[in-house]
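Protein chains: 2
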Amino acid sequence: MSEKKYVSYSSSNSCSTDLTKQITGCRFSLSPMCDDYISIILNALKHVDTSKVWSNTDTLSTVYRGKRVHVEDAVKALFINAYKKDVHMSLEATFSKGSPGDTEGESYLAEDDLLANELSIKDIHFPVECKIALYPLGDGNYMDIIPNVVNTAIDRGIYKESAHYCTFLQADVQSLFSYIDYVNEYCGSHLSHYVFEVTMAVNLPE
Amino acid sequence: MSEKKYVSYSSSNSCSTDLTKQITGCRFSLSPMCDDYISIILNALKHVDTSKVWSNTDTLSTVYRGKRVHVEDAVKALFINAYKKDVHMSLEATFSKGSPGDTEGESYLAEDDLLANELSIKDIHFPVECKIALYPLGDGNYMDIIPNVVNTAIDRGIYKESAHYCTFLQADVQSLFSYIDYVNEYCGSHLSHYVFEVTMAVNLPE
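Sequence order for the protein chains is A and B.
By numbering that gives the first Met the number 0, the letter at position 136 of the first sequence is numbered 135, and the numbering carries on one by one without gaps.
By numbering that gives the first Met the number 0, the letter at position 171 of the second sequence is numbered 170, and the numbering carries on one by one without gaps.
Simulated from the structure, these hints should not be mistaken for laboratory data.
Hints may contain errors.
One copy or two, it doesn't matter: identical chains are merged, so the pair holds either way.
[To be verified] Using 20 Å as the maximum straight-line C-alpha spacing, the simulated EDC-like pairs for lysine to aspartate or glutamate come out as follows:
| # | residue 1 | residue 2 |
| --- | --- | --- |
| 1 | Lys83 | Glu184 |
| 2 | Lys84 | Asp48 |
| 3 | Lys83 | Asp35 |
| 4 | Lys83 | Asp34 |
| 5 | Lys4 | Asp143 |
| 6 | Lys84 | Asp122 |
| 7 | Lys121 | Asp171 |
| 8 | Lys84 | Asp35 |
| 9 | Lys121 | Glu205 |
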C-alpha cells in the first residue's frame, strides 16, 4: 500500500533563497464571455512576447514569472491583445512575491529592463472596471499597509469605492497597469510576502 | 476646494465587534463563456433562495454575508443553478471572515441552521476543476496552516497538484462544496482573519 504524499511549506523545509525572493509572479485566468472564447484566449496568449518571463499554461490559468516589470508587461500585453470592442471579458490575476515556499526554478531573472511588449501596446486605450484586494502575509500590521495602497488609487483619480472584501477602481487600461506596477513595487519593497488580487473587466453590459 | 476622503482600516478606527467576527462573507463573479452569459447569470442569481443571507450585486460581482453555512449554501446554489451541460463557465469566489475593518451591518446572523437551498441541489452532480489559495492574515505561522488544508484535500481524494500560487483540485461539485465548508469551518475557528480564494470551472475545452 503506497503512502500518501503530503505537502509541507514550513520554513524549515523551504527552498526559498535570496534569489527566489526577487521573483514576481502572476497567475491569471481570462474569461471572454462569448461563444468564440477559445480563439480569443489562444490568440491573445500567442501574441504576447514572453521571451523575458517564464510561462506555463494549464487548463484553468496561465502563470508568468520573472522580474516585476517583465511580468507586468506580459500580463498587460495579454489583456490588451485579448480586448475586442464588443466582447465582455474579465481577467482574474493574482500577483505575488516572496512566498517562503517558493522555488528558485521556473523563472527568468537575468534580464535587462527593456520591456518586450510595451512599444506595441502603449497607445491603446479603453476603460476598465476593476476590483482589487491586497493580502500582506505574515505581517501583524497588515491593516495599516492596505490603506496606503488604496489611498494612492484615490490620489491617482482611479478609485471608485470601497466594499466588503475589495476596493473598486475605474481607470483607463494604461493608468490601471501603471497603478498595478506601483502596488507591486511598493509591496515588493515593503513586505516580505504579499498577494495582490486584481479582477479587471471590460465592456460590461448595461 | 474639497479635501480628499482617504480610507483607514487600522484597528484603532475599527468598527469590528464580537458579533462582526462571526460574519462569513463570499464575493464572487460568475463567467459563463458564451454569447448568452447575461441570462445565465441573471437566471442563476434569481433562483437562489437568499432569505438567510445579506446579498448585494454590483456590475462586477455579488456578495453574500451571514452565517457560514448559509453563505456556502447560497453560493453552491448559485453555481449549480448556473450550470449548463455544454457551457464552459468559471466562478471566482473569495470567502472571508474576521477582517478587523469589517462592519456589523449588511449581514444576517440571527438564523437557524436549516439550509434554504440544499434540498433542491443535493442530488445534482458534475465534475469541477478548481484552484484554491488560502491567505491567513496577521499570523506569523501562516505557512504551517496552509498545508493542513491542502493535506485534507489529499485525504479526501480531490487533490490534483500543487503549483505556483495555488493548489489544483478535481472533484464532484458536492465533494467540492463539502471541502469548502471544511476549510471555512477550520479557518474560521483557528484564525482571527483569513481569505480563501476559490476558482472553479466546468466543461473545459479539450
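These are the hints, each one checked on the structure:
1. Lys83 - Glu184: neither (30 Å within a copy, 42 Å between copies)
2. Lys84 - Asp48: The answer is neither: 22 Å in one copy and 36 Å across copies each exceed 20 Å.
3. Lys83 - Asp35: For Lys83 and Asp35, the Cα distance is within 20 Å both inside one copy (11 Å) and across copies (17 Å).
4. Lys83 - Asp34: For Lys83 and Asp34, the Cα distance is within 20 Å both inside one copy (13 Å) and across copies (14 Å).
5. Lys4 - Asp143: Between copies only: 16 Å across, 39 Å inside.
6. Lys84 - Asp122: within (16 Å within a copy, 41 Å between copies)
7. Lys121 - Asp171: within (12 Å within a copy, 44 Å between copies)
8. Lys84 - Asp35: both (14 Å within a copy, 17 Å between copies)
9. Lys121 - Glu205: Classified as neither: same-chain Cα gap 28 Å, cross-chain 34 Å, threshold 20 Å.
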